[in-house]
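A.B. asks: Below, each chain spelled out in residue letters.
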Amino acid sequence: MLDDEAADKWRGLVNQRRQEIESLTATLTRIDSVDFAPFLTMKKGDGTVADDITRLCQRAVRDIYWYHYFLGLLRTWEAESVPPCTESLWAAIVRDEAYI
Amino acid sequence: MQQIPQPEKDDDNGTAERPLYIPVRFSFIGSGTVFRFRRPASQPFDSRRRSTPFSFAPRSAGRLLPTRASSAQQRPRRQSNAVAQIIFCRKGSSRSRAGSGTCTVKTEQSRKGFYVRSVPEAQAIHQHLPFTIPDLIRRATTYGANQSAFLRKHPALLSGGRTFLECWTTRPRTNGAGW
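Chains as they are written, first to last, in our numbering: chain F, 24 to 123; chain Y, 3 to 181.
The shape of chain Y in the complex, shown without the other chains (with noise of 0.2 Å):
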């Protein structure tokens, strides 16, 4: 995993001035749509993090994608002084599932060069954007459409399906050249 630089250390007990990290790459990932933050009233207040509800596009990593329902009030803003984050929501009832997702998407974007930060006290609300008729046709169609081209791709996937063997002593034979 790519280590993160640390500002150096100096000798006057932390009083100096420290240089201001500038963050390079910003992930803001989440299962839900909607964050709200839940601060404990110990922990001190982080004026760049926002209390209230926001959104965003999930997987957006490298750069914000605010999601297109949107409005400019829940739009999270850059914290200038965040290397990345990555922001983890919790599922009350699909534990495993949610853990075994945030697992691979937290070991994913360690390698890419990110610094992972857990933030336990975020939690989805699950007021998602409002998910029409259309739009689900439109989904419908997409996810048949690449369904076929995938399994006409890797058909042994399919139970009973034509496996790759069976592509190969089905070929047409011409003249046996190219084998």
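So here's chain F without its partners, still in its complex pose (with noise of 0.2 Å):
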């Protein structure tokens, strides 16, 4: 349902998470500065660092990319005060005029 309590929920999300995302995104960002290449033959128990940092990658992506895509969502859905789906209805004189 896209309505304020859903707007609500995403809201809660994004603040719960904010700390740890900031974090992840910090840490990937450093990651993403140095060269990869050693990672892959440095060991670290049964595998290596890049087995780590892979998995890390693969968890931490996710979270941050849908962390944005509802942080972007809710600036976008408190600009917009009214839907427009609404708002070209109002504006229609007739029914079919709103699917214009």
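Rather than coming from a laboratory, the hints here were simulated on the basis of the structure. Keep in mind it's a predicted model, so treat the numbers as computed, not measured. Watch out, some of these pointers could steer you wrong.
[What the hints assert, rightly or not] Listed next, the stretches of chain F that the computed footprint assigns to chain Y, with coverage defined by at least 3 CB atoms under 8 Å from CB atoms of chain Y: (1) 48-58; (2) 84-96.
[Unchecked claim] To give an idea of the interface, some chain F residues facing chain Y are shown, with a C-beta separation under 10 Å as derived from the structure: (3) Leu25; (4) Thr99; (5) Trp100; (6) Ala102; (7) Glu103.
[As the list claims (entries may be wrong)] Pairwise CB distance ranges (calculated): (8) Asn148/Y / Asp31/F: 16 to 24 Å; (9) Phe152/Y / Lys66/F: 41 to 49 Å; (10) Leu131/Y / Ala49/F: 20 to 28 Å; (11) Lys155/Y / Asp58/F: 39 to 47 Å; (12) Leu159/Y / Glu101/F: 19 to 27 Å; (13) Arg141/Y / Ser46/F: 19 to 27 Å; (14) Pro136/Y / Arg40/F: 17 to 25 Å; (15) Pro132/Y / Val72/F: 19 to 27 Å; (16) Thr52/F / Asn148/Y: 22 to 30 Å.
Quick reminder that beta carbons are idealized off the backbone N, C-alpha and C, glycines included.
Please dock the two separately framed chains into a single complex, following the hints provided.
C.D. replies: Structural data, given as structure tokens:
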């Protein structure tokens, strides 16, 4: 349902994970700026450091994406107080015009 | 579909110099960003067709848009004798998805007057441009904003969302005028 209740839910989720996402973003940004090749041979436990980074990316990239997705969605939601479909409906003289 | 004008036939067994066809529009389209031509040895080599990898922005119909990270060496050069050229890349595992998209793009471009030329020997080598975390954030924010505007405009597309009829019935009625 796309309504204020849903927007409140998204807002809660975004605020709840803000610190975590900012930390993950900073970590991945640091990884972006270094050469990845040495990690492929750097041993850590059973695998390599590259395996750890890959696992981190698989989890964090998804979270970062959806965090900023809902952030952008909420900003737009708050900027538009009236749904466009309702606006067009109000402006329509007859019902069919609202579909144009 | 628009017919592509052909050079007039002459009676000298093709020995006369044919007029150079001046291209009007170009279109380079592909599902990847970097392609490599693998020309079979049996085919004659076209000096204007490059065998080295080059990159271009997908769906840049009408003009070439080199991608931001492509070097000057990798940029495609205009092919002076081509009417238009659309390059399609074969995708190994997702044949159905690539196929449907390819057909759609081909049809659209044909209707716009492009001469659609498939180049099956073009293969993606999947050397995609660097995609950093800031790029990811920028994309997510943009998609979220667009999705919000889109779904607010067409709420009926949401399963369980407010339908157009609900908007209609919940309109604040003032004096009944305008209906």
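A.B. asks: Now look at each hint and say whether the structure bears it out.
C.D. replies: Each hint tested on the structure:
1. 48-58: Holds, because 4 residues of the region 48-58 of chain F bring their Cβ atoms closer than 8 Å to Cβ atoms of chain Y.
2. 84-96: Our answer is that it holds, as 11 residues pass the Cβ test (under 8 Å) against chain Y, meeting three.
3. Leu25: holds (5 Å)
4. Thr99: holds (4 Å)
5. Trp100: holds (5 Å)
6. Ala102: Holds, because the Cβ-Cβ distance from Ala102/F to chain Y comes to roughly 9 Å (cut-off 10 Å).
7. Glu103: holds (6 Å)
8. Asn148/Y / Asp31/F: 16 to 24 Å: At 21 Å between Cβs, range holds.
9. Phe152/Y / Lys66/F: 41 to 49 Å: With Cβ atoms ~48 Å apart, the hint holds.
10. Leu131/Y / Ala49/F: 20 to 28 Å: Given range 20 to 28 Å: holds, Cβ gap about 23 Å.
11. Lys155/Y / Asp58/F: 39 to 47 Å: holds (45 Å)
12. Leu159/Y / Glu101/F: 19 to 27 Å: holds (21 Å)
13. Arg141/Y / Ser46/F: 19 to 27 Å: holds (21 Å)
14. Pro136/Y / Arg40/F: 17 to 25 Å: holds (19 Å)
15. Pro132/Y / Val72/F: 19 to 27 Å: holds (20 Å)
16. Thr52/F / Asn148/Y: 22 to 30 Å: holds (24 Å)
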